[in-house]
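Chain residues, written in single-letter form:
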Amino acid sequence: MNTTGKVSGIISNIVIVKADGPVSQNEICYVSLGDIKMMAEVIKVIGNDAYVQVFDSTRGLKIGDKVEFQGHMLEVTLAPGILTHSYDGLQNDLAKLDGLFISRGSRTEPIDYEAKWDFTPLAKPGDKVVAGDWLGEVQEHWVSHKIMVPFAMEGSYTVKSVADKGEYTVNDTMAVLVDSEGKEHPVTMVQKWPVKKPIKAYVEKPRPSKIMETGVRAIDTFNPLAEGGTGFIPGPFGAGKTVLQHAISKQADADVIIFVACGERANEVVEVFTEFPELEDPRTGHKLMERTTIICNTSNMPVAAREASVYTGMTIGEYYRAMGLKVLILADSTSRWAQALREMSNRLEELPGQDAFPMDLSAIISNFYARAGLVYLNNGQTGSVTFLGTVSPAGGNLKEPVTESTKKAARCFYALAQGRADSKRYPAIDPQDSYSKYLEYPEIKEYLDKRIEPNWTELVNRGKTLVRRGKEANEQINILGDDGVPVEYHDRFWKSELIDFVILQQDAFDAIDANCPIERQQYMFKLVLSICDKEFNYDGFEDCASFFKGLINLFKQMNYAEWQSDKFKSYRAQIDQAVAEKEVKSEKGE
Amino acid sequence: METKAFQKIYTKIDNITKATVSLRATGVGNDELATVGGKLAQVVKINGENVTLQVFSGTEGIATDSEVIFHGEPPKLNVSDNLAGRFFNAYGEPIEGGKQLDGEPREIGGPTVNPFKRKQPSELIATGIAGIDLNNTIVSGQKIPFFADPDQPYNQVMAMVALRAKADKIILGGMGMTNDDFLFFKNVFENAGALDRIVSFVNTTENPPVERLLVPDMALTAAEYFAVDKGEKVLVLLTDMTLYADALAIVSNRMDQIPSKDSMPGSLYSDLAKIYEKAVQLPNGGSITIIAVTTLSGGDITHAVPDNTGYITEGQLFLRNDSDTGKVIVDPFRSLSRLKQLVIGKKTREDHPQVMNAAVRLYADAANAKTKLENGFDLSDYDERTLKFAKDYSEKLLSIDVNIDIDQMLDTAWTLFAKYFSKSEVAIKEELMAKYWKGAE
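These protein sequences, in sequence, are chains A and B. Mapped onto our numbering, the consecutive letters of the first sequence carry residue numbers 1 to 590. Mapped onto our numbering, the consecutive letters of the second sequence carry residue numbers 1001 to 1441.
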């Protein structure tokens, strides 16, 4: 018998429920309003009073309305058929909802129970298995979707039987497992898991040792994101967070992309809905949508479900990681999630921390980021969840609580600068403030030496130094005037501008420039560095400026040209010629 | 609102604050309306039998024995085609005479459009103002505010945009509007012969501030009627959203909530998003486009209201007085339309994106040159040319009194490029240069 209760108080979407039995923290319940049943989650219990946050509007709710507790926490359904779907924060399939408007209490099944999947067994009778072990696989688009021992099963089991190769629906019994006491457990393709608990079906979580290529030069070349790593993009509005995340979601070298639109604009999600089914993954030639799941809780959807949406996304990510896949989770924006926590905490009349955020904000964010990572699975294979979130700092001030808490948790920091955005230098990733801790990892350095070329990280650091020195030179020029400084200052400044325009800036709306593969990044970066290493004859500072402007123009055309095409090569030739004409000939002569 | 027979009348109010009253009552629904001493109020909190009501027009004169009647339903608006051409107050009651509205009663602040059912906005809204059409193109289904100082002519610009935008309906939501501004809008629409396309919901400075909270929801309920039911293109003008936020702060303060940044309620982001996200392109061809005004204090965009707005809306437009030309321009640096990428170079000429960026970049160089000049440094030849370009650009394109179509704007820009710069200084894709460059090689 489940606990029931009656509404005894309403403050916006927080409802106080008098319960007639035991309730647990984070337990799900349904609040009835006429025929409508609205989902809610317990967030505080005082005596017999359960404080629940309702994932819907409480308009019209009355004292005495019925509440039924469910005896479990907020869960997601994990099974083949999650990819390509678009869910709300509570995993309702948005495509299956009737009507133009989302009516209250509407729920749809996240997966298709009728669909047939082509199953191939991987385990055989007699095998010893534990939670997360692979029993078989089905093909979900081009992802090999593993059917696993459900994560909730504790201890070890012996496989009694596995279904033969063939077509099955998700509710068919795919295997029978026997526990140590001889009890049989049938296993289907479906399992449920509470979103706020990390899935721990792995042996070990090592340090990341590879990078995740995104095709964005300012990230891959300058501050690479590790596979299984974490990063965040803070930036004031208009700095290009969303454009950058969309670019990464299209281009990243991942098997599965989970895009969490958390409290952001609906039109941005529509853009993904419209574009992704059309776009092809450059690596595999498959449609991008086939590897993508969208969790969408836009800013006008219920606030409480906003908080749930990031957890839903993370749990689905962990599920695919357990199949040995590379998962990339993008969340835009985690500040909206933090604000949802603030709204709840405020209504519960908790004592506030800084900027009225809850005191434990920092801990909540750290715990969440910690769920990402590279793992060794039970069978020795690896899987990873890479997490990249955006932060929308109030007033563009990076000293606010959400940015500061996230900075403690995430390893890559891509600060978007207002100044760069104002002068249309996109992506507006600030080359000075941004960092990737992974560049210091010996494992990553070693990997880059092999993947790109030996001593690559040293080249990157050289590039960074050049940018910094250019900025310092520019400050001097601004203080002392163009002719108040030696021409070397101009040389230094323009060399940094060359790196900025050619490497750091990238046109996300150009079909070719938008996605720059790592080989091309290497080529361009080395070409730019080789020019920065040269000395040139200038006829005054204006000559220096016009020389580099000419070069930048040629380089830009090169970035727009197809890799190694005739056009590309002709620009290269023009650059070589321009450089040769201006270069200081070494004493030996040539 | 007439009383219905079965309604229970309460006559004992326990607490009265400036904006709220509370009493013991049963069977009350959350968000439902009530009349308190003849004034309209809404339920905002229920704790057991203790019900708190927010009285829209303030609690002045309400006595502990005033009559409280619950209506049993949330605020509604009667929608029909007869809305067009009418002026209403925040409650949806006609002002300036005229009979009560008939039509289908609809709850205001209704549910959200399923994001999966939305269409991608793709229709350009031409305004003739180059600062908007060329640099910050607006698209139907977009939501975009003017960030303006109180002394700037934002209402005039907004009225101009509204009339040129070729919308089927224009819905004006006025919050804390001065009576003069209200009459200005009315005159402009009347003179343009557009009154039959206009619906207005107005809360003027003469009305109590808390009433404003109803205005956006009223306006958007009317907008949804025309867009969803009738498939029309609707333009909603909301001015001034800062005053709306002030009303939110007043209420939250009276309810003893802990304020967050700038004394605004912690839920400000969600409260504003609920309004702006009503902007939508619908599958039936109808659309709701929202153009709003957020007034700034001293140009400070880090204040909670413009800051949260910026994160919600799809860009923002800044007006600025250009000291070189003496004209009001749309600031090319700080203004942004996020949806422009959906139309520029697609619905407009192919050179649009690159011309736009090149012009803004050169204008930025002019700003640097100006700083140099102010600091007493010599200007290079290039600096001199950028300054001349900037003056022309500001006068012929950015100024809000320019009214030309987009092709003309692009041609003007190419002419200015050729007049002041070399090809490599303009740095546009070569294919486009070959086609549009207006000068010698």
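Quick caveat, the hints were computed from the structure, so don't treat them as lab data. Note that this is a predicted model, so its numbers are computed, not measured. Some clues are possibly wrong.
[Unchecked claim] Ranges of calculated distance between the beta carbons of each label pair, as one might list FRET restraints:
hint : chain 1 : residue 1 : chain 2 : residue 2 : range
1    : B       : 1166      : A       : 564       : 47 to 53 Å
2    : A       : 517       : B       : 1333      : 50 to 56 Å
3    : A       : 433       : B       : 1184      : 27 to 33 Å
4    : B       : 1341      : A       : 564       : 26 to 32 Å
[What the hints assert, rightly or not] With a cut-off of at most 25 Å between alpha-carbon atoms, the simulated DSS-like pairs for lysine-lysine come out as follows:
hint : chain 1 : residue 1 : chain 2 : residue 2
5    : B       : 1045      : A       : 37
6    : A       : 62        : A       : 18
7    : A       : 96        : B       : 1117
8    : B       : 1435      : A       : 567
9    : A       : 62        : B       : 1039
10   : B       : 1274      : A       : 549
11   : A       : 556       : B       : 1346
12   : B       : 1347      : A       : 424
13   : A       : 424       : B       : 1117
14   : A       : 37        : B       : 1039
15   : B       : 1429      : A       : 526
16   : A       : 424       : B       : 1045
17   : B       : 1039      : A       : 556
18   : A       : 549       : B       : 1076
19   : B       : 1347      : A       : 62
20   : A       : 424       : B       : 1012
21   : B       : 1119      : A       : 287
22   : B       : 1039      : A       : 569
23   : A       : 62        : B       : 1261
24   : B       : 1419      : A       : 96
25   : A       : 549       : B       : 1346
26   : B       : 1261      : A       : 399
27   : A       : 549       : B       : 1045
28   : A       : 582       : B       : 1423
29   : B       : 1166      : A       : 66
30   : A       : 569       : B       : 1274
31   : B       : 1391      : A       : 62
32   : A       : 424       : B       : 1076
33   : A       : 549       : B       : 1419
34   : A       : 37        : B       : 1370
35   : A       : 549       : B       : 1388
36   : B       : 1261      : A       : 424
[To be verified] Residues from chain B that face chain A, not an exhaustive set, calculated with beta carbons under 8 Å:
hint : residue
37   : 1141
38   : 1266
39   : 1432
The beta-carbon is built from N, C-alpha and C at its ideal position, and this holds for glycine as well.
Results of checking the hints against the structure:
1. Checking the proposed 47 to 53 Å range against residue 1166/B and residue 564/A shows it holds: the Cβ atoms sit about 48 Å from each other.
2. Under the hint 50 to 56 Å, the C-beta atoms of residue 517/A and residue 1333/B, about 33 Å apart, miss the expected range.
3. The supplied range of 27 to 33 Å is broken by residue 433/A and residue 1184/B, whose beta-carbon atoms lie about 46 Å from each other.
4. Restraint check, residue 1341/B to residue 564/A: a C-beta distance of roughly 29 Å satisfies the suggested window 26 to 32 Å.
5. Of the supplied pair hints, the one linking residue 1045/B and residue 37/A holds, its CA atoms being roughly 21 Å apart against a limit of 25 Å.
6. Restraint check: the Cα-Cα separation between residue 62/A and residue 18/A comes to about 13 Å, which is no more than 25 Å; the hinted pair holds.
7. With a CA separation close to 10 Å, the supplied pair residue 96/A and residue 1117/B stays within the 25 Å bound.
8. Our distance criterion of 25 Å between C-alpha atoms is met by residue 1435/B and residue 567/A, whose separation comes to about 18 Å.
9. For the proposed pair residue 62/A and residue 1039/B, the alpha carbon gap of about 23 Å is at most 25 Å, so the pair holds.
10. Simply put, residue 1274/B and residue 549/A have alpha-carbon atoms about 47 Å apart, too far for the 25 Å limit, and the pair is violated.
11. For the hint linking residue 556/A to residue 1346/B, the alpha-carbon distance of about 22 Å falls within 25 Å, and the restraint holds.
12. In summary, the hint linking residue 1347/B to residue 424/A is supported, as the alpha carbons are separated by about 22 Å, within the 25 Å threshold.
13. This hinted pair does not check out: residue 424/A and residue 1117/B have alpha carbons roughly 33 Å apart, beyond 25 Å.
14. The suggested pairing of residue 37/A with residue 1039/B is violated, with an alpha-carbon distance near 33 Å, which exceeds 25 Å.
15. Using a Cα cut-off of 25 Å, the hinted pair residue 1429/B and residue 526/A holds, with the two alpha carbons roughly 24 Å apart.
16. Of the pairs offered as hints, the one joining residue 424/A and residue 1045/B is violated, with about 47 Å between alpha carbons and a cut-off of 25 Å exceeded.
17. The straight-line distance between the Cα atoms of residue 1039/B and residue 556/A is roughly 66 Å, outside the 25 Å bound, and the hint therefore fails.
18. The hinted pair formed by residue 549/A and residue 1076/B fails the criterion: a straight-line CA distance of about 62 Å is larger than 25 Å.
19. Between the alpha carbons of residue 1347/B and residue 62/A the distance comes to roughly 51 Å, so the proposed pair goes past 25 Å and is violated.
20. Distance restraint check for residue 424/A and residue 1012/B: the Cα-Cα separation of roughly 62 Å exceeds the 25 Å cut-off, and the hinted pair is therefore not satisfied.
21. Annotation: proposed proximity of residue 1119/B to residue 287/A holds, straight-line Cα distance about 20 Å (limit 25 Å).
22. Distance restraint check for residue 1039/B and residue 569/A: the Cα-Cα separation of roughly 77 Å exceeds the 25 Å cut-off, and the hinted pair is therefore not satisfied.
23. Distance restraint check for residue 62/A and residue 1261/B: the Cα-Cα separation of roughly 33 Å exceeds the 25 Å cut-off, and the hinted pair is therefore not satisfied.
24. In summary, the hint linking residue 1419/B to residue 96/A is not supported, as the alpha carbons are separated by about 58 Å, beyond the 25 Å threshold.
25. Between residue 549/A and residue 1346/B the alpha-carbon distance is near 29 Å, which puts this suggested pair outside the 25 Å criterion.
26. Taking the CA atoms of residue 1261/B and residue 399/A, the gap is near 13 Å; set against the 25 Å cutoff, the hint holds.
27. For the suggested pair residue 549/A and residue 1045/B, the alpha carbons sit about 64 Å apart, so the restraint of at most 25 Å is broken.
28. Simply put, residue 582/A and residue 1423/B have alpha-carbon atoms about 20 Å apart, close enough for the 25 Å limit, and the pair holds.
29. Of the pairs offered as hints, the one joining residue 1166/B and residue 66/A is violated, with about 50 Å between alpha carbons and a cut-off of 25 Å exceeded.
30. Pair hint residue 569/A plus residue 1274/B does not hold up; C-alpha atoms about 52 Å apart against a cutoff of 25 Å.
31. Between residue 1391/B and residue 62/A the CA atoms are separated by roughly 64 Å; this puts the pair beyond 25 Å, and the hint is violated.
32. For the hint linking residue 424/A to residue 1076/B, the alpha-carbon distance of about 46 Å lies beyond 25 Å, and the restraint is violated.
33. Distance check on the hinted pair: residue 549/A and residue 1419/B sit about 19 Å apart at the alpha-carbon level, within 25 Å; holds.
34. The hinted pair formed by residue 37/A and residue 1370/B fails the criterion: a straight-line CA distance of about 64 Å is larger than 25 Å.
35. With a C-alpha separation of about 20 Å, the suggested pair residue 549/A and residue 1388/B falls inside the 25 Å cut-off, and the hint holds.
36. The hinted pair formed by residue 1261/B and residue 424/A fails the criterion: a straight-line CA distance of about 29 Å is larger than 25 Å.
37. For residue 1141/B, the shortest C-beta to C-beta distance to chain A is roughly 7 Å, which falls under 8 Å, so the interface hint holds.
38. Because the closest C-beta pair between residue 1266/B and chain A is about 5 Å apart, less than 8 Å, the hint holds.
39. For residue 1432/B, the interface hint is violated, since its Cβ never comes within 8 Å of a Cβ in chain A; the closest pair sits about 11 Å apart.
Hint compliance for this structure: hints 2, 3, 10, 13, 14, 16, 17, 18, 19, 20, 22, 23, 24, 25, 27, 29, 30, 31, 32, 34, 36, 39 are broken, all remaining hints hold.
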